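Undergrad: Protein chains in written order, with our numbering: chain A, 1 to 454; chain B, 1001 to 1454.
Hints in this document: simulated from the structure, not taken from any laboratory. Watch out, some of these pointers could steer you wrong.
[To be verified] Cut-off 20 Å, straight-line C-alpha distance, at most; resulting in silico cross-link-like pairs (SDA-like, lysine to any residue):
1) B:Lys1172 <-> A:Ser384
2) B:Lys1061 <-> B:Lys1092
3) B:Lys1365 <-> A:Ser27
4) A:Lys404 <-> B:Val1118
5) A:Lys365 <-> B:Gln1033
6) A:Lys377 <-> B:Glu1269
7) A:Lys61 <-> A:Lys92
8) A:Lys454 <-> B:Arg1029
9) B:Lys1358 <-> B:Ser1437
10) A:Lys61 <-> B:Ser1069
11) A:Lys92 <-> B:Ser1069
12) B:Lys1377 <-> A:Glu268
[Said to hold, decoys possible] Using C-beta positions, here's what the derived DEER-type ranges look like:
13) A:Gly226 <-> B:Val1088: 48 to 56 Å
14) A:Lys265 <-> B:Leu1381: 24 to 32 Å
15) A:Leu381 <-> B:Lys1137: 42 to 50 Å
16) A:Lys61 <-> B:Ser1437: 55 to 63 Å
17) A:Asn85 <-> B:Ile1402: 56 to 64 Å
18) B:Tyr1399 <-> A:Gly75: 51 to 59 Å
19) A:Gly75 <-> B:Lys1008: 13 to 21 Å
20) A:Gly372 <-> B:Gln1057: 44 to 52 Å
21) B:Pro1357 <-> A:Asp447: 27 to 35 Å
22) A:Asn71 <-> B:Lys1272: 46 to 54 Å
23) B:Asp1133 <-> A:Ser49: 21 to 29 Å
24) A:Gly240 <-> B:Pro1357: 57 to 65 Å
25) B:Ala1444 <-> A:Glu332: 40 to 48 Å
26) B:Val1118 <-> A:Leu381: 21 to 29 Å
[To be verified] Listing some non-contacts, in silico: residues in chain B with all C-beta distances to chain A over 10 Å:
27) Gly1056
28) Lys1197
29) Asp1216
30) Ser1228
31) Glu1287
32) Thr1291
33) Glu1312
34) Pro1357
Bear in mind that the values here come from a model prediction, so they are computed numbers and not experimental data. A virtual CB, placed ideally from N, CA and C, is assigned to each residue, including glycine.
Number of protein chains: 2
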Amino acid sequence: MEKTSIPKGTRDFTPEEMVRRNYIFNSIREVFQLHGFRPIETPAMENLSTLLGKYGQEGDKLLYRILNSGNFLDGIELDTNSSENPSVLSSKICEKGLRYDLTVPFARFVVQHRNEIVFPFRRYQIQHVWRADRPQKGRYREFYQCDVDVIGSDSLINEAEIIQIIDEVFHKLEIDVTIKINNRKILAGIAEHIGMKDKFNDLAIALDKYDKIGIDKVNEELIQIGFSQDQLHEMHNILGIIHNDNIGKLKFLDSIFPDSVIGQKGLEELRKVFDYIENFNIKSKIEFDLTLSRGLNYYTGAILEVKAADVEIGSISGGGRYDNLTGIFGMEGVSGVGVSFGADRIYDVIMQLNRFPKDATVHTKVMLVNFGAIEEKQSLLVASRLRDAGVNCELYPEYHKIKKQLDYADKNKIPFVVIIGENEIKENVILLKDMVSGNEQKLAVNDFIRFFGK
Amino acid sequence: MEKTSIPKGTRDFTPEEMVRRNYIFNSIREVFQLHGFRPIETPAMENLSTLLGKYGQEGDKLLYRILNSGNFLDGIELDTNSSENPSVLSSKICEKGLRYDLTVPFARFVVQHRNEIVFPFRRYQIQHVWRADRPQKGRYREFYQCDVDVIGSDSLINEAEIIQIIDEVFHKLEIDVTIKINNRKILAGIAEHIGMKDKFNDLAIALDKYDKIGIDKVNEELIQIGFSQDQLHEMHNILGIIHNDNIGKLKFLDSIFPDSVIGQKGLEELRKVFDYIENFNIKSKIEFDLTLSRGLNYYTGAILEVKAADVEIGSISGGGRYDNLTGIFGMEGVSGVGVSFGADRIYDVIMQLNRFPKDATVHTKVMLVNFGAIEEKQSLLVASRLRDAGVNCELYPEYHKIKKQLDYADKNKIPFVVIIGENEIKENVILLKDMVSGNEQKLAVNDFIRFFGK
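Only chain A is shown next, with the shape it has when bound in the complex:
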């Protein structure tokens, strides 16, 4: 037999996995909708001009490019092997690429549809993204993102609502999480305070690696871009105030940079967000984490990351405030805030915690046994009535031995089997077999439909 396979880093999903995944998507979608967010979808393929340069040099390399259709070499002069530059050639023979995230396509969508959109625009989007990353545990080349954003509103009530949404999603999914929050403007205030205002972006990128590469390597990077030992020392003194509570940290920072306009703005924003969420019934732990920086340069205010409390895994959601995302497409001054849920990691967390609901394994509630041409007629009638009553059911299609048919129901985790033989037809009853307990029960057809119907 031919060896069948799929590309590295991609996955097939079996019915069992699908039901569990849909449980996650449905839970997230329900919270989004309860908060009045509206769904959009964008194409898997975008023009490369839309995608290139938006994710840094590293991101450009991870884009999947689609070869132009037809004679893609038409009008293109090829150099000989030795001198042809792959990235130059690829830009000649590929015009389209696969979506890398949902944020840039969303920005493109907003600009392109700006005349139809009523701002503030509250949208959610649950779609695949593709990255030519090296596959490893928990990292795939095709995966889902679930994004929710408000765009066209500066109000900090949006930040508070995003936190509320995160809290509600994970409460629904029964995952204990810590929601880490910081503000880019506070980090800018610290940079200013230690005399490194100009190096803020580099500082943010270096800090973002804190968890992954450790403090020593971060320091090395900072020294390379011009930080002195004194500046590092001062910075770590500030970042190290981990033993204070959130409000204590705000007070401490207030005393550190009373004159930094941007730093004070960041503190004020964060205070306001804390004020809002104090009135919400937030169940998750909220942690003001000064070391949180998020690598992406487009964040300008609040930044957020979510960690599962009981499972060792990277962040399972992240987001923040961006003041000028649509600026990359020439539409200035549209501020937004949002968060992205990583469905694949959330799946792994729920699996490890063994918290998928039991009924998230079952599709079909009833299988009807098939004894032959006469019996199946009655079974088909009963099946139709069950469906009319909203019950998922199926008739076994072949006249196989009953053992084989029950085995099919068992392996497919169908919880009930209906047996209709000659006698049952005569008596207008069915024999109901509970596949979990093994119990059998004779029931009048009408009663059976009434018991099982929705």
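Put chain B on the given structure of chain A with help from the hints.
TA: Just chain B, lined up with the frame of chain A:
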């Protein structure tokens, strides 16, 4: 402002379109599940070795190929421009392609997971496919297919159930359809009868174009592959028996080729299918259409196509029985039957018929007006209580003039607005504005939640 655009033949979907599309997907999915089918998903990217050669030469050209990542030219010798063959080069620099349909990936899935699957395997799959086709009205380069198949069972009860599913889907969607049915074995019987047994595949492909290119062109094609005028005449005499009812046609054909083994087998199969569905409460018209042939060679028994009764458009679903689909991947003898629903054409049909349900335009039921810092606190509390009661609602995030806020609700088709000002807080009431009638009503907060809650 930069001109933003998406690739030709692809589409963005706005919230309004999404809700209507989800109405279609949910209706189809619900019927699939009621019949005990289980969802699977496969990756957007498949190895080109899986896809190539499965859709004919024309199909190969329509595959989207994905450029290999990294230095895709590494180890490849380029000829000069003049002599390089695009299809040879593309096979060197592309290993993966985008899914062209759901049938071949399903066959690949079955072979790859054969040890986990319990046969008969009843699966459904609702995913995008991509084709580098010339875009035109109703034809896109990215579109959805909704496939349902039973694989690993020869029983004709499966054909009957597929027809039942088609009928239920379109009944649910309120589209009157004609379900056309034929059997490849009957067509083979006719070919045998007129002495053209060997040319059966060519005959089937030519007949498939009947609707598109007309009888004269079909005849031309058949003459080119060796049909004589007498044979054509004889064939059209048989195909032309359109004025008989389904059973009458079966009887007529029985008298035409009493000795054709394959023809008789086809008649017997179709008779059996008609027998089954006679007991179902089928609402659609079932038409035994001898000119129906479906171009794809993998069909071996029943073939099906669905036409909308009241809208001029191509077929909106199609499918049939294939005896050896997994054979292309070396797993022989697994027979299946299924149908594919074309969601995009179904969308167009429902739009033309103006039959989308009214509530398929609304996401958010209530918007709460925002008057300022004090009032929004109370509004947030009411919003939380509404959500707890299962009502989709949102607080307007800015302190804009009420006219602007109502305008937002109006444009977003939010049917109810809640106004909470100073007085309402004092009295513990809300002012409810019906955005359709314009009526306003004062309600105690508790009563309001009780009325609106699910």
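Undergrad: Is the nearest CB of chain A more than 10 Å from the CB of Lys1197 of chain B?
TA: The claim stands: Lys1197 of chain B keeps its Cβ more than 10 Å from every Cβ of chain A (closest is about 30 Å).
Undergrad: Do Asn85 of chain A and Ile1402 of chain B keep their Cβ atoms within the hinted range of 56 to 64 Å?
TA: holds, 60 Å
Undergrad: Measuring Cβ to Cβ, find out whether Gly1056 of chain B lies farther than 10 Å from everything in chain A.
TA: Consistent with the label, Gly1056 of chain B stays out of reach of chain A, its closest Cβ about 16 Å off (over 10 Å).
Undergrad: Can you confirm whether the C-alpha distance between Lys1358 of chain B and Ser1437 of chain B stays at or below 20 Å?
TA: holds, 16 Å
Undergrad: Do Val1118 of chain B and Leu381 of chain A keep their Cβ atoms within the hinted range of 21 to 29 Å?
TA: holds, 26 Å
Undergrad: For Ser1228 of chain B, is the shortest CB-to-CB distance to chain A above 10 Å, so the non-interface label stands?
TA: holds, 39 Å
Undergrad: Are all beta-carbon distances from Asp1216 of chain B to chain A longer than 10 Å?
TA: holds, 31 Å
Undergrad: Given the hint of 40 to 48 Å, is the C-beta distance from Ala1444 of chain B to Glu332 of chain A inside that range or not?
TA: The hinted range 40 to 48 Å holds for Ala1444 of chain B and Glu332 of chain A, with Cβ atoms some 46 Å apart.
Undergrad: Once the closest CB in chain A is found, is it more than 10 Å from Glu1287 of chain B?
TA: Since the minimum Cβ distance to chain A is about 23 Å, Glu1287 of chain B lies beyond 10 Å and the statement holds.
Undergrad: Is 24 to 32 Å respected by the C-beta to C-beta distance linking Lys265 of chain A and Leu1381 of chain B?
TA: holds, 28 Å
Undergrad: Need the status of pair Lys1061 of chain B, Lys1092 of chain B: alpha-carbon distance at most 20 Å?
TA: holds, 16 Å
Undergrad: Is the nearest CB of chain A more than 10 Å from the CB of Pro1357 of chain B?
TA: Since the minimum Cβ distance to chain A is about 17 Å, Pro1357 of chain B lies beyond 10 Å and the statement holds.
In summary, this structure violates none of the numbered hints.
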